[in-house]
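Novice: Spelled out from the first residue to the last, the chains are:
There are 2 protein chains.
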Amino acid sequence: MKSYIDMTAAELAAEKNKLEAEFAQIKAKNLKLDMSRGKPSADQLDISMGMMDVLSSSSDLKCDGVDCRNYGVLCGITDAKALLADMIEVPVDNVIIYGNSSLNIMYDTVSRSYTHGVLGSTPWCKLDKVKFLCPVPGYDRHFAITEFFGIEMINIPMLETGPDMDMVEELVSSDPAIKGIWCVPKYSNPQGITYSDETVLRFANLKPAAEDFRIYWDNAYGVHHLYEDDQDYLIEILDACTKAGNPDMVYKFCSTSKISFPGSGVAAIAASTANIEEIKKQLTIQTIGHDKLNQLRHVRFYGDMDGVVKYMKKHADILRPKFEIVCDTLENKLGSLEIGKWIKPKGGYFVSFDSLPGCAKAIVAKCKEAGITLTNAGATYPYGKDPKDSNIRIAPSFPTTDELKMAMQVFTLCVKLVSAEKLLVEKA
Amino acid sequence: MKSYIDMTAAELAAEKNKLEAEFAQIKAKNLKLDMSRGKPSADQLDISMGMMDVLSSSSDLKCDGVDCRNYGVLCGITDAKALLADMIEVPVDNVIIYGNSSLNIMYDTVSRSYTHGVLGSTPWCKLDKVKFLCPVPGYDRHFAITEFFGIEMINIPMLETGPDMDMVEELVSSDPAIKGIWCVPKYSNPQGITYSDETVLRFANLKPAAEDFRIYWDNAYGVHHLYEDDQDYLIEILDACTKAGNPDMVYKFCSTSKISFPGSGVAAIAASTANIEEIKKQLTIQTIGHDKLNQLRHVRFYGDMDGVVKYMKKHADILRPKFEIVCDTLENKLGSLEIGKWIKPKGGYFVSFDSLPGCAKAIVAKCKEAGITLTNAGATYPYGKDPKDSNIRIAPSFPTTDELKMAMQVFTLCVKLVSAEKLLVEKA
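So the sequence lines, in the order shown, correspond to chains A and B. Heads up: the first sequence is residues 3 to 430, going by our numbering. Heads up: the second sequence is residues 3 to 430, going by our numbering.
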């Protein structure tokens, strides 16, 4: 089909009329579908049901001599630390296991820096200005944490290799108010980009103006591949930072939320020995210990990383067809129209779509009118403000394949309709 | 036996020689017993083993239409809120369920007030001085939180009716830097005192100089009675505050840590609607939700408060003989000697012992020498400083009854020995 950009006003007007008729038909179906959050489907949850049976009243509930039912063990039971250390690719002594939420660990990390500083530096609450770098598009819940603490957020464009490192290097080395950067380095949220080797090594070799600058490395999708034979590889950042003489510059976060059960997983932080010791000082005030029975449940269910990989393949078998529906529909319906761009991801939970500038909000609203809920336009940017109003995050995991096919028909129709309207106004 | 106070120096010296011989014999036994923390025994944990079986892969894992395995539900599943609301005696809408640790909720509450203030007041981190009142003796982990945030702690003597309310009223109404008071209102840690009706009502009717003053009401032992027919009763504070026109003045905390499994219980906060709304604003930034499967496990195991009460009787059957060993040994060995005071508690987890002034550290050290670990002397006071050096917390729950009998023999011997030494020096 002819590109919308190349159409005459008359052709566009005819196209718009046709699309409006299609839209009216679809709206009459009273659909109600949700593609807003990266929420696993019930099928995916069923994969882990064996976890409900690994512990019973006849189980040995000890790990390394510790009764997992009782108080104690601040940083996680031995076997859970070993499993998560393996998953996050760091030595076991550099890991602390928390509760069910890595987001909560990130919140606590920012909050602790705000109230108590970082390895002896001035607490951020005593500073006039604290800034974070935010690769965009990015994860709305990251940006919400820094916004909650009044931290100024600076947009960093995402390239195909990761954040624009020229910009990151220049800002980090020149502005001591910049205390952190939010990163989803593998199968990034929402674009599915994995940081290139060069990007990771440039991160490890940063020369921050602020001694308390930290990379917030949220490896949320570290083992969340879609394809067995075509996977992205990410250099391990803690080791890279250590080799670059910057061992304390990074906090790594991970969880099993999208491996076992999203509400009942196990989350962890990994960092240098000095950072871990500082975190423990807070943790010993904050709690007597996290849920060790749930840690034990994970250890008994997966055994080791081979077990995790085995279950991740089952997730991939469910997710892969969904991602292919999204990408194939985008390609089939919009491929030649020059009204949108996207990257086909090899893992993670999202497909990121960039519309013509100024169209994202209208597309999301139009989808809503037809019963399809998408993540709010702008959500992938700090303060919910997408300067170009063009990025939309598509989350294919929760709907069934049939629902998703329908939802993507509606989505691409809305993209076409809003784009045609926009271009018509411009040509007028 | 004759009171040590009434003995002559010669009598005391003879007594001391006899005690030293006894101590040498006991020390030779190389004992290794721990009465330091309020940790349930393995017998108590066994009571709840049925909880390991209530959920399996064939269970219905929904509650009120919510799939408890997935993301979502910020404040707790419906049935868990109902159970905990009943336990903490407040309306269900005034409860938020957290993870496994009420200490963590208290930490988060202080931390949020420090970073964001309380219902619009100035964040504590922006103030020159913040103070907390600390009824003493009290709970070391409470004091550790306020110390961690640099909050000045003021000792308030505990009376048999609860904190000295004359002092509380005067300080709270006159000093706007006083932002809170730590309370364990029922079977207090460590004395086992339950606040009288008058005390609770005086709390509810406080007229704080600071609009952001809050009562931190840690009802850790609300259902932890030792006797079925002789239980303390505590007026419900949230309702009392509301009736007094101070609905926002209190945060209540509770958990099932000493009901189900200490490491894997469910914790909650209860407060006024305004406070709950403010807490939710933080919570929605902090997490996507706490572990709903563990909430469901508790709901299915207990059913309702009758179920909780039934299990608490089983705990009491195990704990009661231990508390009686402690109190009987104190009475038998020290009853007439005038070298110590204690209260026989009707619930909770501790017996508080007050030695002659200046003896507590020496007694704890002497016990340690004989292989008995007690909570550090001073731990029941802010900054670990007991001005009289006289309070010792005894935690009878973890040892077996046989171990406890031996430990109390050693303890009372050490009390006598240290007291005799002290009195001899004074008489010299």
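Hints were generated in silico from the structure; no laboratory data involved. Note that the structure is a prediction, hence the values are computed from the model and not measured. Keep in mind that the hints are not guaranteed to be accurate.
Copies of the same chain look alike in the list, so a pair counts if it fits in one copy or across any two.
[To be verified] Straight line, CA to CA, 20 Å or less: simulated SDA-like cross-link-like pairs of lysine to any residue:
1. K18 with K335
2. K64 with E213
3. K315 with P125
4. K343 with N96
5. K343 with I28
6. K387 with G247
7. K128 with E149
8. K34 with G74
9. K282 with E149
10. K312 with S338
11. K348 with E149
12. K283 with E149
13. K282 with R143
14. K363 with V68
15. K29 with T124
16. K128 with L426
17. K283 with G386
18. K282 with G152
19. K133 with A146
20. K128 with K363
21. K282 with S338
Novice: Which of the stated hints cannot be reconciled with the structure, identified by number in ascending sequence?
Specialist: 2, 3, 4, 5, 6, 10, 11, 14, 15, 16, 20 and 21
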